[in-house]
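Chains A and B, in that order, give the protein sequences. Residue numbering for the first sequence follows our numbering, beginning at 18 and increasing consecutively. Residue numbering for the second sequence follows our numbering, beginning at 18 and increasing consecutively.
Simulated from the structure, these hints should not be mistaken for lab results. Do not take every clue at face value.
Said to hold, decoys possible - Label pairs and their computed distance ranges (CB to CB):
{"no.": "1", "chain 1": "B", "residue 1": "T346", "chain 2": "A", "residue 2": "G197", "range": "34 to 42 Å"}
{"no.": "2", "chain 1": "A", "residue 1": "V340", "chain 2": "B", "residue 2": "K107", "range": "32 to 40 Å"}
{"no.": "3", "chain 1": "B", "residue 1": "A123", "chain 2": "A", "residue 2": "L227", "range": "35 to 43 Å"}
{"no.": "4", "chain 1": "A", "residue 1": "G282", "chain 2": "B", "residue 2": "T346", "range": "18 to 26 Å"}
{"no.": "5", "chain 1": "A", "residue 1": "A252", "chain 2": "B", "residue 2": "G255", "range": "41 to 49 Å"}
{"no.": "6", "chain 1": "A", "residue 1": "A281", "chain 2": "B", "residue 2": "D234", "range": "37 to 45 Å"}
{"no.": "7", "chain 1": "A", "residue 1": "V354", "chain 2": "B", "residue 2": "R221", "range": "36 to 44 Å"}
Unchecked claim - Chain B regions said to be covered by chain A (calculated; three or more residues, Cβ under 8 Å):
{"no.": "8", "stretch": "79 to 88"}
{"no.": "9", "stretch": "109 to 117"}
The model shown is predicted, which means the values in this text are computed figures rather than measured ones. Glycine residues also receive a C-beta, built at the ideal position from the N, C-alpha and C atoms.
Protein chains: 2
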Amino acid sequence: MSVAEGPTINTIAERAGVSIASVSRVLNGLPTREETVRRVLRAAEDLGYVPNSVARSLRNRRTDQVAFAMADIGNPVYLAMVREIQPVLKAAGYRLLLHSTDADVADELDVLRGLRERYVDGLIMSPLRGVTEDHVAAIAAARAPVVVIGSVPEGTPVDNVRTDSRTGVRLALDHLHALGRRRIGFLNGPLDTVPGGARAAAYREALDALGLPYDGDLVEVGDFYRQDGARAARALLGRAPDVDALMCANDLIALGALDVLRRAGREVPGDVAVVGMDDTDLASVAWPTLTSVSLGSAERGRAAARLLLDRLENGPREPRVVVVEPSLTVRASTTGVDPE
Amino acid sequence: MSVAEGPTINTIAERAGVSIASVSRVLNGLPTREETVRRVLRAAEDLGYVPNSVARSLRNRRTDQVAFAMADIGNPVYLAMVREIQPVLKAAGYRLLLHSTDADVADELDVLRGLRERYVDGLIMSPLRGVTEDHVAAIAAARAPVVVIGSVPEGTPVDNVRTDSRTGVRLALDHLHALGRRRIGFLNGPLDTVPGGARAAAYREALDALGLPYDGDLVEVGDFYRQDGARAARALLGRAPDVDALMCANDLIALGALDVLRRAGREVPGDVAVVGMDDTDLASVAWPTLTSVSLGSAERGRAAARLLLDRLENGPREPRVVVVEPSLTVRASTTGVDPE
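Only chain A is shown next, with the shape it has when bound in the complex (with noise of 0.2 Å):
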């Protein structure tokens, strides 16, 4: 047993001024007089003292739950994560918890300040608009391991599983052109998203390296749900009808331009190629099937699993971080031909 970090039974009653017992009958929910409830349960307050690491030193502080926080479970390439992670967590006794943040900050921040309270011994978190600066000093308050899925800014002391999605975007490109297109657009996400942001770069920089001009009239931003795909292909073939190739920023982007170009009588591959991005079990699900780059998911889930599992299991070490690397799988969406 463990001394206790923070306040006490002892450093409660002394503040709020009443003795040690009223305390334990408080916390106990005895009948007590409503004024002295009333004081202990500010003083409590006051020193920031948090429930349930009384009840955690019954059983060494573990509550045998880890929770994976993800920013979509809309998007398969989370769930591609989770299945991942969930059998390395259970063979070592862990039950994973699940949060969808709809990739809203104030949401994950409010699961790293839930760590205080110890419902769970780790988190795996996914955050879509990047780790800010009150990520980083939730994640250093946090009393329980964190591991970031995603980029990290640098030097931010936590575990952190990334991927490389500009080598991605490049075997996009050096694929469809290697195929022969030219008039190469781009469907991404929102520039404010780390994905959004770093596949913008990508596109300009991988277009330089082909030699090929970079035309705005090419390149649509919308969100990441197929719907916006679907806008962002209409607007791209309005504007430039002569497209021979769409890289689209993730699989459901992609859906929804396969679906305008389905709709427009427009053959795909013959008359545009389409690529999507994390190569998702949709991407075998649309007709045709889907050329994707995959940014190993599953990959990532595993080590992001096994980095917290470390944590929790052999205590505080230096901070790591994981690269997986990007592949292309190529599908019918390319090449007219399915090799499944």
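Got chain A; can you put chain B on it based on the hints?
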């Protein structure tokens, strides 16, 4: 402040044969003789002392968290439910935690038992293999309200949201019959699951009602995943090449069947019409887009969230049952025309 249920610091002290101050020291994690720590922990365990009940009393027993235990995070039917459950609870100030139990009964019971430790204020669950006697006992012992989405044994004292998949199968077979199909195959899920059993019975009833003979060659049973649907479709096509329609027990099975029909060069719906069930997001991603029986996943999720919220806010009352009626969403896999 209400009177605590169950054991308190006082009863633990009595059983352990130590002073109340000693129990308090142990609960606070202060340095204490090893023998005393051991005696207090054993007494606490013997008395079924639930650690967090102490903590909870500090803030009126609310965690502001609610959990949804779903059978399979990979099945978009649960995604549709989460999308409706989350906003209802969020608006009332609750954070939603998700569990994916893989339809494992032991996991489901574990989640129910976890309610005794009060890491959430309430639970919505969707047990794919049905509500067993163990579930009923665990629900009764839970110290938090529970809502079950799915069938429960008659008279189980729990809030319940269900659909009517028999009518759903009937809608699909009526539609196929009206289109002139007479050799209607059935790709079902496991018969020991609640939906599998109900849909098997419904298929026979619907054939009877339409005056079509039951033919065992036209029925194949697998699991509820896409690869099972593919396997089942291959087996059925091999045995009954004259099949002119496939009723599938969920959308994932139907997607597997579409893959197999495409590779076999069988036109959909020209040669074989295909109907799915659950009307998930995938139905409109597939090509041809999939006609599917909607079992009101979104409505069921919303109803479950509201029932739970009512119990959380207004306390105990008689259990309620909500039945959501099915409907049929007609798309290209039966008519050749995509309505969207």
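To see whether the hints hold, each was checked on the structure:
Taken as a hint, the range 34 to 42 Å holds for the pair T346/B and G197/A, whose Cβ atoms sit roughly 40 Å apart. In this structure the hint that V340/A and K107/B lie 32 to 40 Å apart at CB holds, the actual value being about 35 Å. Evaluation of the 35 to 43 Å hint for A123/B and L227/A yields a failure: the beta carbon distance comes to about 55 Å. Between G282/A and T346/B the CB atoms are about 25 Å apart, so this pair conforms to the stated range of 18 to 26 Å.
Range check, A252/A to G255/B: about 47 Å between beta-carbon atoms, so the 41 to 49 Å window is met. Distance hint check for A281/A and D234/B: the Cβ-Cβ separation is about 43 Å, which falls inside the suggested range of 37 to 45 Å. About 42 Å separates the C-beta atoms of V354/A and R221/B, a value consistent with the hinted range of 36 to 44 Å. Closer than 8 Å: that is the beta-carbon criterion, and the stretch 79 to 88 of chain B has 3 residues meeting it against chain A, so the requirement of 3 holds.
Proximity of the stretch 109 to 117 of chain B to chain A, defined as three or more residues with a beta carbon under 8 Å from a beta carbon of that chain, is established by the 6 residues found.
The structure does not agree with numbered hint 3 stated previously, though it agrees with all others.
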